[in-house]
Amino acid sequence: MLNKDFFLNESDFDYWNQSAEYRFILRSFVARKFEEFCSEKKRIGIIKGPVHLAIGQESIPACVSEYLNNHDSVFGAHRSHAHYLSLGGSPSELLAEILGSPKGLSSGRGCSMHIFDKKVGFMGSVPIVSGTFALAVGSGFANQYKGNDSISVAYLGDGSFEEGVVSEGLNMARLLRSKILIVVENNQYASHMHLSLRQPKDLIRKLSDSYGIKYRQVDAYDYYQLNQTLKNAIYEIRNEQIPYVVECKTFRWKGHVDWRDDINVGVTRSMEEVKAWKEKCPLNKMLDFYSNEEFLQKLDSLETEFNKILERTLEEAILDREKSASYEELTSHTLKNT
Amino acid sequence: MKYQESIRKAFYDCLKESDDVFVIGQGLWSPWYVGKTMDKLDEIFGKNRLIDTPISESAVTAIGIGASIENLYPIIVHPRMDFALYALDAIINQSAKWSYLSEGKISAGPLFRLIINRKGEQGAQHSQSLQSIFAHIPGLEVLMPVSSQQAYDMFVYGTFTKNPVIYIDDRAFYEEEEEVVANQVDVYNTKFKNSFYAKKFSNQGDILVISIGDASLTVEEVRKDIKKTGQNFKHFTITSLNQIDLLKGGIQEEILNAKHLIIAENSWPVCSISSEILALVLEKGLNKNFESIPKRFNLPNCPAPSAKRLEDIFYLAKDDLAKLIIEKI
Numbered sequence: 001m002l003n004k005d006f007f008l009n010e011s012d013f014d015y016w017n018q019s020a021e022y023r024f025i026l027r028s029f030v031a032r033k034f035e036e037f038c039s040e041k042k043r044i045g046i047i048k049g050p051v052h053l054a055i056g057q058e059s060i061p062a063c064v065s066e067y068l069n070n071h072d073s074v075f076g077a078h079r080s081h082a083h084y085l086s087l088g089g090s091p092s093e094l095l096a097e098i099l100g101s102p103k104g105l106s107s108g109r110g111c112s113m114h115i116f117d118k119k120v121g122f123m124g125s126v127p128i129v130s131g132t133f134a135l136a137v138g139s140g141f142a143n144q145y146k147g148n149d150s151i152s153v154a155y156l157g158d159g160s161f162e163e164g165v166v167s168e169g170l171n172m173a174r175l176l177r178s179k180i181l182i183v184v185e186n187n188q189y190a191s192h193m194h195l196s197l198r199q200p201k202d203l204i205r206k207l208s209d210s211y212g213i214k215y216r217q218v219d220a221y222d223y224y225q226l227n228q229t230l231k232n233a234i235y236e237i238r239n240e241q242i243p244y245v246v247e248c249k250t251f252r253w254k255g256h257v258d259w260r261d262d263i264n265v266g267v268t269r270s271m272e273e274v275k276a277w278k279e280k281c282p283l284n285k286m287l288d289f290y291s292n293e294e295f296l297q298k299l300d301s302l303e304t305e306f307n308k309i310l311e312r313t314l315e316e317a318i319l320d321r322e323k324s325a326s327y328e329e330l331t332s333h334t335l336k337n338t
Numbered sequence: 001m002k003y004q005e006s007i008r009k010a011f012y013d014c015l016k017e018s019d020d021v022f023v024i025g026q027g028l029w030s031p032w033y034v035g036k037t038m039d040k041l042d043e044i045f046g047k048n049r050l051i052d053t054p055i056s057e058s059a060v061t062a063i064g065i066g067a068s069i070e071n072l073y074p075i076i077v078h079p080r081m082d083f084a085l086y087a088l089d090a091i092i093n094q095s096a097k098w099s100y101l102s103e104g105k106i107s108a109g110p111l112f113r114l115i116i117n118r119k120g121e122q123g124a125q126h127s128q129s130l131q132s133i134f135a136h137i138p139g140l141e142v143l144m145p146v147s148s149q150q151a152y153d154m155f156v157y158g159t160f161t162k163n164p165v166i167y168i169d170d171r172a173f174y175e176e177e178e179e180v181v182a183n184q185v186d187v188y189n190t191k192f193k194n195s196f197y198a199k200k201f202s203n204q205g206d207i208l209v210i211s212i213g214d215a216s217l218t219v220e221e222v223r224k225d226i227k228k229t230g231q232n233f234k235h236f237t238i239t240s241l242n243q244i245d246l247l248k249g250g251i252q253e254e255i256l257n258a259k260h261l262i263i264a265e266n267s268w269p270v271c272s273i274s275s276e277i278l279a280l281v282l283e284k285g286l287n288k289n290f291e292s293i294p295k296r297f298n299l300p301n302c303p304a305p306s307a308k309r310l311e312d313i314f315y316l317a318k319d320d321l322a323k324l325i326i327e328k329i
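Protein sequences, first through last, are from chains X and D. When we follow our numbering, the leftmost residue of the first sequence carries the number 1, and every step to the right adds one. When we follow our numbering, the leftmost residue of the second sequence carries the number 1, and every step to the right adds one.
With a straight-line Cα cutoff of 27 Å, these simulated DSS-like cross-link-like pairs (lysine-lysine) come out:
(1) K248(D) x K336(X)
(2) K193(D) x K248(D)
(3) K336(X) x K199(D)
(4) K47(D) x K146(X)
(5) K9(D) x K146(X)
Because the hints were derived from the structure by calculation, they are not lab data.
Pulled out of the complex, with its shape left as it was, chain D reads as follows:
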């Protein structure tokens, strides 16, 4: 199943499972700019459950949070992550604090679906990958699925858990395919699965590449190219971004056994998930067997440009990554 189809299936299953699930956000009655992830849901479940809204990100988000306080299961959709910045008060000041301040007696935990859509000359305010902003905040869970199965499982979990979940899907994945086991939704027993921590692509070789988000696609392309020459490297993606558990994600041992570490993330380097991972590696003393200095592979420290000739040198380049890996080999 394609990644975008698995998101739609998750929407469908959640809406089918409980009448207390509703979806709110911009463009829901004409969801052409969210790929095929929401096709015909409004026709199937009705416009009272798929609520298209005025251009009011701040209030729309807070309304979803308020409905969650009343024990509904709202899914709040921001078709471009950049626009969700209008809703930071609702997400960070309100939603993330409710459980803590009420000692768990009142929770405000909707699913916030934030979509990344980059390249194609979309520019500075349509192309940001802002996971670090949310990952910084205690009281939120930040999930960034990189496979169809993860996209489905994390969506169902995020909808029914009472924790506020930031669910970030990147349109770069939408055509990627993977077999999906759509477990029966269990509203009352949504557990954070160990498979949410990381996704394993390969554990062959002395070089370990850890990726975040759509950098995993670039890394996999490189791996396929290099594999043709008989070489290989380990590749894992971190997919739970503010609860990074290297042990449960099955990466701790891999880091300890690796001789070289490269971390790739299609976002800026400062205060990033990649810097967080590197800090964890050092704090836990997992660099004992490293034979070279660990290397981060991030975006240049400037806003996303629009023109293709600038985009070409802005985003992670497969060739540069390949060069880096070949050097280590």
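The shape of chain X in the complex, shown without the other chains:
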């Protein structure tokens, strides 16, 4: 469920309950609008720290989250806004966090790259590449050890497979029968560098196969293929207690970080390539197919309401973040028990 502070009149918005397709559209739409908002606020300098935007990659968490419960555990990396929102995370609290406000998810301790919200099962995201991967394997193992119904999700980029801990973690996931969905968002670029310059062909599949882990590759711009693959994978993880890799071919429309297109960064990326991916946008395709006049109207008013909430949060956060912090606030919770 998306958060109440967004769906204020949720009962009016019966499309949410109508079908997975509508929920896909709504989750993707919310993430897209949120990221566009952040992109603009970063451009004009209101957001101070780095933001890694998910525009173009929203379809993946929009499908994954359809099959998760609040007691499942999700771990992410630097580009995690969409993953968090898709779980029903609060756009206001996330925006406040990104802005460094004391009303943010962690009072501005982490901002954009460190998102933590246990309420929706988002157990943490960090910018060290693959830093949360083996934690997620451990979390999936813990659920196996306890014999409960929960699973864990690790979101990784294609660059993650170049880290040694991913090889170790895949091997351990198999040995421990960790109940983990490993979602590889392959957008072809690790920061600026193209996949072909970093990895032999099909490394993600080959490594998964080598470690005896089930693997599927999907086009994340094809909703039906993506949705079905993830649905099946999550069903198998829950029922057969196995790890599972789904490599999702996707594309980010913005540069690695912040609002620019960064066409000049990266070896093969061109405006034509970006344009071609934009034309295949899964959100727009689904909107074309599923929209009727009433739905579009509702979506319009939703967008207006959403932007109002974000602007209100922004105004408040700009004032709140100017308030001086105490030493106690700065240092509390360094240790859990003191």
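Given the coordinates of chain X, work out where chain D should sit on it, guided by the hints.
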């Protein structure tokens, strides 16, 4: 009870106390290289709770941390501290940050058991005493027990607290004996005890020796030798290394009353626990009654050698320490 037996008892009691305790690390199904500290635990509690692993320190450590996030109580074992360096990202970048970044809502606090095993020509990558690296990091607790009772208490505490605890045991202590009161484990009320801050060996005389880790053994040997001549000195060991509390450890007054201070640590001098203690003494103005310049007694600034003839001049020599103390007397 021998130090190594008290560790085994702590393992046993923790595993018995809660099914949510499990142990993960290399060599657990054939734990011959951890002394007698883990004998037969896999047979008693099962291989699903004592998990022997591939040679993957980095992932194994992170998996333990992930299981702690899910509210289990993992004990992660690295039979040689040197090998745990592969897991520094998991320990320093992840585990130590989780409580802070989530404002205490999510914690990732397993017990990391790191073992030191030195001498015997083991060389540069089997002999390091790396407590300073961990003590530098906010968000970790670093404990280095020097007695059987401390070894037991700190282990139980480290297992059940939600803080990430670096528990460093040195095989030099394994045969040392002390009576151990094995308190009933209370999973839900594991408190950091005042006895974790320091261990008192003696408070006689004008000279104060503060030791860290297995330097305490060398210092005690010297004290016994000197005692035969009717002389004595004070000796305390600091055992909580990144939360040094001289007051709670009962050392502050002793430093203030001492005329001479020597700090002994079997590790390198730069950015060490011994330099930290000396800084604290100066910052707190505890050197008012000192009649000589405080002296640190550390390892030479080179990696640990293998050959015995080199080891002989590398590690803290009892005779050199004795000479230093006798000079002050």
